[in-house]
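*Asks:* One letter stands for each residue in the lines below.
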Amino acid sequence: MRFDTEFRRPQNAERALAALRELVRETGPIRLMEICGTHTMAIAKAGLRALLPEGLELISGPGCPVCVTPAGAIDWILRLSERPDVILASYGDLLRVPGSVRGDSLLRRRSLGAQVRTVYSPVEALALAAEHPDREVVFLGVGFETTAPGTAACLLEARERGLRNFSVLSLLKRTEPALRALVEAPDFAVDGFLCPGHVAAVTGAQAFAFLPREYRLPAVVAGFEPGDLLCAICRLADMVRRGEPALENEYTRVVTQEGNPAALAAIGCVFTPAAAVWRGLGEIPESGLAPGDAFSPWDAAKKFSFPAGSSAVETPGCRCGAVIRGVARPAECPLFGSVCTPADPVGPCMVSGEGACAAAYRYRNL
Amino acid sequence: MCLAVPLKITSIDGKRAVGEAGGLSQTLRVDFLPGLQPGDYVMVHAGFAIQKLTEEQAAENLAAIREALDAL
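Protein sequence lines correspond, in order, to chains A and B. Just so you know, we're using this note's numbering here: the first sequence kicks off at 1 and counts up by one. Just so you know, we're using this note's numbering here: the second sequence kicks off at 1 and counts up by one.
This is chain B alone, in the form it adopts within the complex:
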């Protein structure tokens, strides 16, 4: 139920947007993330973007996992 997929925004029109992943596109709603731009990545659940993603955050997350394992 709480599945969410990362999509790249290709266009935005008010609360409605189109996102793309692996060559497939999908309409989604961006009510909860003001200020998104085409090119941004978002996590989408049941047709609504719930959080913005950045490459930097993903890299930091990966580094944090490695650090946590190193510390054990």
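Just chain A, with the same shape it has in the complex:
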């Protein structure tokens, strides 16, 4: 099968890099942003930054959903973990994120006796609720549009099965409002976007059409293999050169124009857009997904009184906020690599395996 290996061939990479050198010679310096944590890791792992011609800069944007979760939300979750009747379940990355007190994470709380489970899918959290009818199982739902449909399916199933001891704390985020906030910020300086392939698998490529249409910014929906990424970067640089911004879809084996209608219907049935706080960007209207009124009994925010607009308390010295907006590079943070490392992280960009700082640290020699 050729879904991944064929897209890693070095011949294509060499041709793309040669084309890029020519393009950048014509355009001068170009700054492109990826807005997907999985892209951040794929780019770092393949060592693409070191191969790109001088003058072409790749910047990581707010693409790591764990990284954009504000410390105030983690503080509240840590307090919830103190309840003996509660089992918390989430993806491994979120469990490692400290709140406003350094080192205090769900993993630490688990070592102190809190009931915290690592799950790969929200389906496992639902199974936990069925196994433990005497406990409240709270799934910490973090992610973008890729992750939202599965979370919605579990809420639909909890309602259907009458599982009243299951609830979801939705930390889910929507891509478009955050991108708009980023582009409209006064310090925004990016020439084009690598758009997230698996978000687009759900939303459809057309969800990013607003970038060229309203902001005259080139946008290419990209896959995750080196061949995909280099081709997408070439197409962005070529649009910059021609001065003709458009939306292009490089990842056609997975992404269609209209996305996955059943997945979008599940999101629409369960969630409504709501204001959400992003680390680094602040509160953005309609950038979150909250369970609708019909799902209130399964909404952990209502069940356990999650404070609205929970604040983004930042650790002193930590520049995760600026890194998330693409304004500072990881190495420009005074804590990077000295005080803040993956073994003892200060900010979420170093905690999450997909954070810009973790990627920059782990692959720093590439």
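What the hints contain is simulated information worked out from the structure, not anything from laboratory work. Take the hints with a grain of salt, since some may be wrong.
16 Å max Cα-Cα, derived EDC-like pairs, lysine to aspartate or glutamate [what the hints assert, rightly or not]:
(1) B/LYS52 to A/GLU258
(2) B/LYS52 to A/ASP4
(3) B/LYS15 to A/GLU160
(4) A/LYS303 to A/ASP293
(5) A/LYS45 to A/ASP4
On a predicted model such as this, the values are computed, not experimentally measured, just so you know.
Please build the complex by placing chain B on the supplied structure of chain A, with the hints as guidance.
*Replies:* Coordinates of chain B only, in the frame set by chain A:
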């Protein structure tokens, strides 16, 4: 977070299916892709299939990348 892996469906029972890659199998949900059959390939994220894959589409994608590079 938005990592997704290609799996080959080996069996389906309603919304639940079993998929396989590299000799390892995994249960997954197929709520969002009606009409899947054993033998189909899907991209799976956090336990849910989000899109169907075909060899033809992969080949077309590869050809499109080569074309795009040729055109530069």
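*Asks:* Hint by hint, work out which the structure violates, then give me just those numbers in ascending order.
*Replies:* none
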